[in-house]
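K.L.:
For the record, the sequence lines run as chains A and B.
In terms of our numbering, the first sequence opens at residue 1 and continues consecutively.
In terms of our numbering, the second sequence opens at residue 1 and continues consecutively.
Mixed in with the good hints there might be a few duds.
Chain A side only, calculated, beta carbon under 8 Å to chain B, not exhaustive [to be verified]: (1) 128; (2) 133; (3) 142; (4) 149; (5) 198; (6) 201; (7) 249; (8) 257; (9) 261.
Example chain B residues on the side facing chain A (calculated, C-beta under 8 Å, incomplete) [as the list claims (entries may be wrong)]: (10) 16; (11) 64; (12) 65; (13) 69; (14) 89; (15) 91; (16) 99; (17) 129.
To be clear, the hints were calculated from the coordinates, so they are not data collected in a lab.
Quick caveat, the model's predicted, so the values are computed rather than measured.
The beta carbon of each residue, even a glycine, is placed where N, CA and C say it ideally should be.
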Amino acid sequence: MRDVAVLGVGMHAWGKFPDKSVTELCRDAVSAALADAGVAWRDVEAVAAASSRFSGGKGWGLNGNDVVEDMGSTGIPVYNMSAGCAAGGNAFNVGYALVAGGMHDMVVVVGGEKMPKGFIQTSGVEEETDPEFLRQRCVGMPGPAFWALLCRQRMAEFGTTEEQLAKIAVKAHEVGTHNEYARFRQLFTVEDVLGSALVSDPLRLYEICPVSDGAAAAVICSAEKARQLTTHPVWVAGSAVATARFDDGLPRGLAGTVPTGRAHHSEAALAVGKALDQAGVAPEDLDLVELQDNTVYYELAFPEDWGMCKPGEAEHLLEAGETLPTGRMPINPSGGFLCFGEATTAMGVFQVCELTWQLRGAAGPRQVPDAQVGLAQTLGLGGNGTALVLKR
Amino acid sequence: MTTERVPAVADLFSEAGGVAHLHGSRCATCATPYFPRSGLCHNPDCSESAMEDAEFGPAGTLWSTSVQNYPPPPPARYDEPYEPYAVGVVDLDDGLRVVGRMAVADPTAVRIGTRVQIVVGPIAHEEDGTELVSWMFRPTDEGAD
Chain A
1 MRDVAVLGVG MHAWGKFPDK SVTELCRDAV SAALADAGVA WRDVEAVAAA SSRFSGGKGW
61 GLNGNDVVED MGSTGIPVYN MSAGCAAGGN AFNVGYALVA GGMHDMVVVV GGEKMPKGFI
121 QTSGVEEETD PEFLRQRCVG MPGPAFWALL CRQRMAEFGT TEEQLAKIAV KAHEVGTHNE
181 YARFRQLFTV EDVLGSALVS DPLRLYEICP VSDGAAAAVI CSAEKARQLT THPVWVAGSA
241 VATARFDDGL PRGLAGTVPT GRAHHSEAAL AVGKALDQAG VAPEDLDLVE LQDNTVYYEL
301 AFPEDWGMCK PGEAEHLLEA GETLPTGRMP INPSGGFLCF GEATTAMGVF QVCELTWQLR
361 GAAGPRQVPD AQVGLAQTLG LGGNGTALVL KR
Chain B
1 MTTERVPAVA DLFSEAGGVA HLHGSRCATC ATPYFPRSGL CHNPDCSESA MEDAEFGPAG
61 TLWSTSVQNY PPPPPARYDE PYEPYAVGVV DLDDGLRVVG RMAVADPTAV RIGTRVQIVV
121 GPIAHEEDGT ELVSWMFRPT DEGAD
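Sequences are here, hints too, so could you generate the full structure?
P.N.:
Structure representation (structure tokens):
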């Protein structure tokens with residue numbers, strides 16, 4: 001395997017853009033990434049794109065083909081990766097493998113999304129053989145209810161308070177307010193958050209990420225190319241994809257087996273574990289983490305699941321300010337999904353942009369001081385998990 | 001006059017004497033429970049899939065609970081005007097962890113760890129009054145409603 005570098009990154013702002021197509025959002029992101037890398041579209045040898053269920057892609061998730069046709073059809077191979085909300089992270093892993101394996105020297109990874117209004121239907125499949133259909137028809141518990149069930153279980157186990165949940169949202173906006181690409185940059189107090197509508201008790205509107213439009217892109221290349229083209233590359237120290245284990249205990253369909261241990265997102269833990277192993281980095285040595293905070297609960301559960309802190313310790317680290325960029329376990333200095341809203345398949349690439357800026361020391365007021373190594377993680381429907389470790 | 005009751009999805013559960021059972025499968029080799037029925041054992045550590053029909057319930061312990069505070073998107077069903085309902089995850093005594101609505105009057109008064117029984121109750125009504133029913137969890141602890 002060859003060393004792989006992130007040469008350039010670029011984003012379109014997150015928000016609602018009714019007058020722009022997803023391909024136009026991707027055009028801005030890819031153009032910015034190419035300019036940041038100092039290379040031309042002609043230099044790109046392949047595209048690894050996240051497949052969208054909601055926008056563009058000719059209705060088949062062919063979003064990478066849209067990008068190539070838009071930027072200029074040079075005949076290069078396109079890989080359209082579908083992994084639910086993990087598609088961006090999945091596309092990065094495929095792009096990484098193409099360069100690390102020696103197939104290509106320069107690859108564009110891109111994810112773009114225009115989301116429909118409101119809370120999304122989980123699968124959209126109307127068949128009685130589809131577990132998601134059964135779960136919604138027979139019970140009626142969409143994504144936020146799933147998160148709320150996990151959160152309530154944690155509250156019963158560790159005594160997590162509603163104030164602590166609110167503080168996570170307050171912290172997200174405290175850092176996200178400094179991010180020009182974020183959609184929700186206003187500041188909130190604990191009272192503001194606790195005064196927002198209950199979505200799924202105990203989770204409130206400001207504690208759950210809404211959906212957004214957005215696009216992000218990265219130019220990745222071989223070490224040889226990186227040394228020719230830049231003096232300050234960011235290195236891909238690890239990149240991994242995993243799927244959920246049979247025995248992880250999360251109530252994903254209608255039913256599973258009562259687990260012997262704690263229920264957790266095994267797809268995320270497996271991907272993170274593999275990426276950290278590849279990088280030779282211990283979880284407690286990470287300088288920052290961009291994790292998938294669909295809801296505040298995950299900022300508590302994930303660092304524990306991944307060995308960054310002990311079970312039940314996350315609340316104390318939060319209260320002590322340790323999850324801020326200046327703390328000892330910075331989480332989501334970008335502002336995370338709470339400040340961006342989820343442009344589902346673009347999120348894995350958005351995280352690559354943030355890590356890259358942080359490792360370059362270019363993140364401005366939300367900068368993690370002297371950031372050397374960072375982790376990014378996504379997960380998606382179907383039990384898809386992705387993780388990557390970037391180092392400077 | 002008795003109201004007609006139609007299951008939200010057919011063949012998933014049955015009721016008798018006020019309690020309900022879920023219709024699933026169990027692997028005779030590794031004892032893994034499945035709901036709904038499965039044609040294959042998905043346990044990667046199982047040496048040989050040997051699926052047999054099995055009934056689960058009615059007793060279990062509530063692992064977690066929440067309230068569906070807003071009207072859920074399709075294909076969920078509910079009556080207008082929308083009334084929030086409680087959902088739960090129950091660890092049945094026979095080894096199945098299963099999701100369902102709570103059969104309670106006050107959705108905010110449900111306690112984690114409470115003992116429950118599976119019952120069948122209405123999740124919505126058709127225009128002609130027909131009850132659309134599904135399995136639900138009713139607390140059985142003393143003092144529960």
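K.L.:
Now tell me, hint by hint, if it's right for this structure.
P.N.:
Against the structure, the hints:
1. 128: Residue 128 (chain A) check passes; min Cβ-Cβ to chain B is 6 Å, inside 8 Å.
2. 133: Where the cut-off is 8 Å and the nearest Cβ of chain B is about 6 Å from residue 133 (chain A), the hint holds.
3. 142: Holds, about 5 Å.
4. 149: 4 Å, holds
5. 198: Holds: closest Cβ of chain B sits about 4 Å from residue 198 (chain A), inside 8 Å.
6. 201: 4 Å, holds
7. 249: Holds, about 7 Å.
8. 257: 6 Å, holds
9. 261: Hint violated; residue 261 (chain A) Cβ to chain B Cβ min 13 Å, cut 8 Å.
10. 16: 19 Å, violated
11. 64: 4 Å, holds
12. 65: Holds, about 6 Å.
13. 69: Because about 4 Å separates residue 69 (chain B) from the closest Cβ in chain A, which is inside the 8 Å limit, the hint holds.
14. 89: 5 Å, holds
15. 91: Given a least distance of 5 Å, the restraint on residue 91 (chain B) holds.
16. 99: Since chain A brings a Cβ to about 5 Å from residue 99 (chain B), closer than 8 Å, the hint holds.
17. 129: 20 Å, violated
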